[in-house]
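Student: Chains as they are written, first to last, in our numbering: chain A, 138 to 473; chain B, 138 to 473.
Treat the hints with caution; some may be incorrect.
Same chains, same label: a pair holds when it works inside one copy or across any pair of copies.
Cut-off 25 Å, straight-line C-alpha distance, at most; resulting in silico cross-link-like pairs (DSS-like, lysine-lysine) [to be verified]:
{"#": "1", "residue 1": "Lys-470", "residue 2": "Lys-397"}
{"#": "2", "residue 1": "Lys-367", "residue 2": "Lys-189"}
{"#": "3", "residue 1": "Lys-397", "residue 2": "Lys-340"}
{"#": "4", "residue 1": "Lys-470", "residue 2": "Lys-203"}
{"#": "5", "residue 1": "Lys-367", "residue 2": "Lys-397"}
{"#": "6", "residue 1": "Lys-470", "residue 2": "Lys-367"}
{"#": "7", "residue 1": "Lys-259", "residue 2": "Lys-189"}
These are computed hints drawn from the structure, not numbers from a lab.
Protein chains: 2
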Amino acid sequence: MSQSFDIAVIGATGTVGETLVQILEERDFPVGNLHLLASSESAGHSVPFRGKNVRVREVDEFDFSKVQLVFFAAGPAVTLSFASRATAAGCSLIDLSGALPADQAPQVVPEANAQVLAGLKKPFQVSSPSPSATTLAVVLAPLLGLLDLQRVNVTASLAVSAQGREAVTELARQTAELLNVRPLEPSFFDRQMAFNLLAQVGKPDENGHTLLEKRLVRELRQVMALPSLKISVTCIQAPVFFGDSFNVTLQSASAVDLVKVNAALEDAPGIELVEAGDYPTPVGDAVGQDVVYVGRVRAGIDDPSELNVWLTSDNVRKGAALNAVQVAELLIKDLL
Amino acid sequence: MSQSFDIAVIGATGTVGETLVQILEERDFPVGNLHLLASSESAGHSVPFRGKNVRVREVDEFDFSKVQLVFFAAGPAVTLSFASRATAAGCSLIDLSGALPADQAPQVVPEANAQVLAGLKKPFQVSSPSPSATTLAVVLAPLLGLLDLQRVNVTASLAVSAQGREAVTELARQTAELLNVRPLEPSFFDRQMAFNLLAQVGKPDENGHTLLEKRLVRELRQVMALPSLKISVTCIQAPVFFGDSFNVTLQSASAVDLVKVNAALEDAPGIELVEAGDYPTPVGDAVGQDVVYVGRVRAGIDDPSELNVWLTSDNVRKGAALNAVQVAELLIKDLL
Ligand SMILES: NC(=O)c1ccc[n+]([C@@H]2O[C@H](COP(=O)([O-])OP(=O)(O)OC[C@H]3O[C@@H](n4cnc5c(N)ncnc54)[C@H](OP(=O)(O)O)[C@@H]3O)[C@@H](O)[C@H]2O)c1
Ligand SMILES: NC(=O)c1ccc[n+]([C@@H]2O[C@H](COP(=O)([O-])OP(=O)(O)OC[C@H]3O[C@@H](n4cnc5c(N)ncnc54)[C@H](OP(=O)(O)O)[C@@H]3O)[C@@H](O)[C@H]2O)c1
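One chain only, chain A, in its complex shape:
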């Protein structure tokens, strides 16, 4: 089949957008014309695609009827401003900002709930969940049939790149200042991020939960189709540039069969299971890879109905850009 699709990427100069363009090329996505969009700030810059430099344009002036599919990777405000213009022009969209409600654009992780796509009407509107929900869904999906799942407990140690380019620069700057024994004036983060752990990412609500934590719970429940699953989650900021890590405890109602769990993880798409005794790390394993790394698969110290796993994934790639492209690969057969 030589059919191709005209595509727009909004936020093409950002951490996620740039990776997304790269993945479209790597995976030989059937791109016809590629339109790269951003704010006025970087309009005129260009981004390489298939050996050519593609000029970045301002999203405000874009005519959405020129494309069949648009990726929104420029923050919730941009999605909220332009999503309806895109769909009004008949253009399908995949949003990475989390701005759209689930009944308008369901959260989809192909390894977990690809079937949801079959129920959508054109122009399609799909959300790619937060990297945390995406990573957890990839790993929970093959396990659900093996557990009588009562409760999920997650400690998510997030990379600073989850907060965009500025956060990455600031961690590097702070680290250099400290190593050179210069006084530290934190910017971007409200305190020292280098060699430290921040227990909260974003402002909490009056009950102490952050937006990111509530989003993870909401999205994971929707993707797993378990609307009342008990999920306890804490998102912390680690002094790591790229790669999110997750300590996950799954509580089952009965003893967990570790042999079956290992076999299911071994066979599942989107997962690399490291061998027993070893463990995966963000740097060295997950970063730059297309899979979620899983290790430390074990029962509770003396609770056989508890399953512990450690996950790590590239937040920008597997957690965001690649998941969106995987969704697009499933959508295109019905796009025209």
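Assemble chain B with the ligands onto chain A, guided by the hints.
Tutor: Leaving out everything else, chain B with the ligands in the frame of chain A:
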């Protein structure tokens, strides 16, 4: 009262031992003669105490009958070699290495189970638990009466100083190499530690649990006098020099009263509760302090019977040296 006690510190040149000597001075512990001991490697060095330099001697040649109390802070092998020599000479001991069984030297955290000391016979033998168990015990103690506790879930992000001086030097070295874009050859840690998270500290057993994790469970159960408490624990190594952090989920059988929980934490000894909306960090809050910092006190996102807290403490100080000195302060009234 002007009574004073002759004291020995084994491992006085180490991370914990040096802090311990400093704390004896800061708290005006009634020290008569102070004997600082280490291996032949640092015998002859000296360590400051009350404005004088105290010469470090080799432990092998030490006559334990010269002191009434000895702190063991030089690793399990040293404790196992010399503990019986100390007690045979009538000398009481406080061990920080975790080498002694609980029936010989019970684990004591003064804020949680000081009453255990009353049951001991002279010469006293007491263990100061691992920093993780100590920190958790300080915070669980005032909460136990308020919860019908079913289960504790802990993700412990440990500072590299938990592994002694070499680990601290190696994190600094790796970080400098990476910032200078030089190729990294990890030593001490088996892989890159800088800007990374290691999901396992030490080799796991055939069930996947590390010694540190099993020790935490065993010690916490003993200190809390809850021998069958369900505890799920994962100890990870964070790229942080000093200060351990803990994400803790406590599962109660009924709804948790957050007002009472906050009041109990506010009143409890050894705890600094940070205000709602804020959170404590190892660097900036806990390091160098004599208390466990507690923050992010909240119920589950929609499970009122779940209590989440974030803890951070100075692993070397509050987690080890200070706890041992606090035990000593309780013991000395009966030491002679
Ligand atoms: N980083 C992650 O791990 C991650 C993962 C999943 C989802 N996301 C989501 O993806 C989105 C982008 O995140 P990011 O990390 O890639 O951020 P980023 O590195 O800061 O990049 C932001 C991108 O959005 C563009 N942009 C900003 N304001 C705009 C406007 N008013 N009109 C048009 N374009 C605008 C920027 O263009 P200019 O160059 O013109 O400023 C840039 O291309 C966010 O919604 C984020 O929540 C991020
Ligand atoms: N670091 C922590 O956060 C922490 C917390 C709680 C408990 N602990 C425990 O406390 C102990 C010491 O830990 P650390 O972190 O302070 O280690 P460290 O910084 O490596 O210091 C080790 C100390 O032990 C001495 N030592 C080593 N081998 C010896 C021997 N054969 N005979 C006599 N002395 C010997 C060393 O003396 P030389 O200078 O002569 O080598 C040094 O004083 C360990 O059992 C550790 O598990 C550590």
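Student: List, from low to high, the hint numbers that the structure doesn't satisfy.
Tutor: The structure conflicts with hints 1, 2, 6 and 7, although it agrees with all the remaining ones.
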